[in-house]
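*Asks:* Chain by chain, the residues:
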Amino acid sequence: MQRYYDVRHVAGESTHIDIDNGVVESASSSLFDRAVVRVLGSSGWGVVSVDNYSGEDLDRFVAEALALAGLTGEAVELAEAPHRVLPVPPPSDDPRSYGLDEKTRLLAGVEATARAPEVRNTRAVYTERRETVRFASSDGVEYAYELARSGFNVLAVAERNGVVQMGYERRHAVNGFPLRSGAACGEKARQTAIALLDARAATGGRMRVVLDPELAGVFAHEAVGHASEGDLVREGNSVLAGRVGERIGAPGLTIVDDPSLPEFGFDPVDAEGVATVRTELVKDGVINAFLHTRETLAAVGTGLAGHARAMPGEVPLVRMSNTFVENGDATYEECLAECGTGMLLIGSRGGQVDPGRGMFQFNAEYGFLVEDGEPGAMVRDVSLSGDILGTLHEVALIANDRRMHQGYCGKGGQSVPVGDGAPHILLSNAVVGGSGHD
Amino acid sequence: MDTIEAILERAAGVAPEAEVYLSRAESVGAELSRDRVRVGQASHAVGLGIRVFDGGRVGASSTNDPSRWEACLEAALAAMRLADPQPWHGLPAPAELPAGRLAFDPAVTLAPGAVADLLDAMMAGAAEHPSASVTAGSAGLSRSSVEVANSHGLRYADEETHASCSIEAIAGTSTGFEFDASHAADLDPARVGEQAAFFAAHGVGGEALAAGTYDLVLSPLALAELLEAVLVPALVGRNVHAGRSRLAGRVGEEIMDPRLSLYDDPHRPMGPGAAWFDAEGVPTRRLDLVRDGVLAGFAYDLRTAYRFGADPTGSAVRGGYGGAPSTGFHTLVLEGPVADVMANTAIYVRSVVGAHTANTITGDFSVEVSNPSFIEGGAFTTPVRTAMWGGNVFDLLSRVEGVSTETRTVGEMVLPALRVAGQRLVG
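In order, the protein sequences belong to chains V and D. By our numbering, the letter at position 430 of the first sequence is numbered 430, and the numbering carries on one by one without gaps. By our numbering, the letter at position 328 of the second sequence is numbered 328, and the numbering carries on one by one without gaps.
Read the hints as simulated data drawn from the structure, not as lab findings. There may be inaccurate statements among the hints.
Stated by the list, open to error - Not everything, but these chain V residues come out facing chain D in the computed CB check (under 10 Å):
1. SER29
2. PHE32
3. PHE61
4. THR72
5. GLY205
Said to hold, decoys possible - If you want the ones that stay clear, here's a sample from chain D, every Cβ over 10 Å from chain V, calculated:
6. ALA93
7. HIS152
8. GLY243
9. THR345
10. SER404
Stated by the list, open to error - Chain V is faced by these chain D residues, among others (derived, beta-carbon under 7 Å):
11. VAL37
12. GLY40
13. HIS44
14. HIS162
15. SER166
16. THR173
17. ILE361
18. GLU368
By construction, the Cβ of each residue, glycine as well, lies at the ideal position given by its N, Cα and C atoms.
Chain V on its own, in the form it takes in the complex:
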């Protein structure tokens, strides 16, 4: 028996430009067209992913998905949720108005600014994806929208006396064209790579640390965001399950996920037609709500649907979008002064979390030793780890200078664009890892 079906069809064009040590390796565009048909049978879902979709085949795919739903034993229910499609923000600078040759020329300019005598390799990559998303469900919900995401990254690798270090910068935007003003990123990558040649390996241990907005954003994403995903909560694979209302951090600490915000994780409507909304995961230091799809909301409760996201042709999953720590009332200077002796950690090389065990780990691009509240010597290869339930209590000060950064987040084999952000924050007792020795 078929209780519900929906079809999400995404078609468009992606562009990729790769310039390596001054050579245009590729500057090409490709076409894609993928759809996913989901059918809710008498118990669970049947799902068919199909390339090169044509609406004429819908009945055949619905029948195939219904047969697959026959494998399932879990009784899936769908919560009611409001439907709404937000207007897509008008392009501030439309990547579509630049030709492939113009983009290649601009990227070459960024790559050139990363060069220096001690820099032995520079590489810059531009990516762009324009897509048209069409959705229809057996509930009669239908929508279509067009969106373009574009951005670039630049890498500088410096070497001196056998020591090799790198600097890496990236900028991405929704309906914008950050490449146009990208030269500063090339310079920053070059400066970081060269400065790291003189940095020392960090010595691990427990200490006070100040996280910059980029790293603190990754901290919010890894330490709280993943464990707040409704599917993990339902599976019993999150330490936050059953803890709504419990204090996890000091008053004043609020962590939010908001796909309706026009940042890099923006969705005008979620992947199952539900209105995208702001969800406060932690409110004033207390576990407040989880992220949900219609299915996980029905199973778990506490929170709002509207957080379903999917790559073209893939099954929608509960995902973060724009995840951030709200501004506090301290300043960056106060965070450093209160830190006294410790470390200031800058930038992110990614992170990972085991939400069931409640442990997370992420790496800074680099850091500075802090003495008497002043940043001093630079350190490299430094990481931070902790447990979700303990670490937020260590957030001692929250500054008022929030910034958002762009990245991609992987889960279940799907990678989706996300924005992470925070103001500077001070952790009073953090576990820092590094390969150096005293």
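Based on the hints, put chain D in the right spot on chain V.
*Replies:* Chain D only, in chain V's frame:
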């Protein structure tokens, strides 16, 4: 005339050389949520990749709608005009390849019932450790085909099958996971379930670890994570010549323990990337990367080989359907001094969290150990609550205590467990 012939014929009028890569895949699978099947899945995938070549300029494009091959060819030509010319000595001519499929098992059928059997067997295996409960799992079966053809008359086709299953379990806040993947219908789903539940159950009540220096036994999984992050990219020719590999300029030097060897073995039947030809139609061959600790060479696709004056090594791979070729490996095998690595006291490292954050150039890493536990006399003893491990992949491989007899396929690698001494952990 089929699509491939039509593309090559049209391209012949506008570019001196052209290549077409067409892949198709059908799959069926299912996912568990706790102990129930939540979703049954199928997919129908197709990818068409076109490359055109003129005077050392290369242009590429792809689509998953083969009926739009004309637009795809136009995009490839536009890309070709923008690319900078590089040394190029031509696509391969047809060669006599051995007959037979290296990665195909007719017993892998796309039957939903076979998927359900895999899930049931994993659940039954997990039930051997009743203190752990299953949180999620999946199983999948697929069949795929590839065709590569070029304007020199080369046209090869291959088919492969794939089966996989994985499961996650939890006991308290201790988690465990396990998986198996193969081209053949030879998965051991009961063992997969049992192992995931074992690691979850065993980790309960883990003790705090005193910071210090320990002997470690890296499971093939943990070893794969570290090698994939640091060593594998350092062996890719393009990274070497672009200054992104610590191994650049060191062929002939000892870079590892002299008892370790690493090679790519594309002809190993049912090896993860087993194939007679690579993604550009170059015949594959055994490629020695590290022989008795000495760096023997690097891997190259055609473009990087031609550019840097190296011999093509048949190492082109394609990511996804219709993706452009890049350099990769087929079946990387690590061999070393066999020893009973589990015999003496050590900390067993099942897997690590954060290997992808390692410094890919220097090899420095700082990771969290998953499921750390003391081992003694071949048995798991006291579990450890948490351990941070900082080290360097190249240093790690420069002196090893021994490797296990048993190996395991992880991704494109076939690896033993590896024992190392003197590693610094923080609890």
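*Asks:* For each hint, tell me whether it holds in the structure or not.
*Replies:* Evaluated hints:
1. SER29: Holds - the Cβ of SER29 (chain V) comes within 10 Å of chain D, reaching about 5 Å at its closest.
2. PHE32: This interface hint holds because 6 Å falls under the 10 Å limit.
3. PHE61: holds, 9 Å
4. THR72: Holds, because the Cβ-Cβ distance from THR72 (chain V) to chain D comes to roughly 5 Å (cut-off 10 Å).
5. GLY205: holds, 7 Å
6. ALA93: holds, 25 Å
7. HIS152: Its Cβ never comes within 10 Å of chain V, the nearest being 22 Å, so this holds.
8. GLY243: violated, 4 Å
9. THR345: holds, 23 Å
10. SER404: Non-interface label stands for SER404 (chain D): nearest chain V Cβ at 25 Å, farther than 10 Å.
11. VAL37: holds, 5 Å
12. GLY40: holds, 3 Å
13. HIS44: holds, 5 Å
14. HIS162: Because about 14 Å separates HIS162 (chain D) from the closest Cβ in chain V, which is outside the 7 Å limit, the hint is violated.
15. SER166: Violated: closest Cβ of chain V sits about 11 Å from SER166 (chain D), beyond 7 Å.
16. THR173: holds, 5 Å
17. ILE361: With a closest approach of 5 Å, the ILE361 (chain D) hint holds.
18. GLU368: holds, 4 Å
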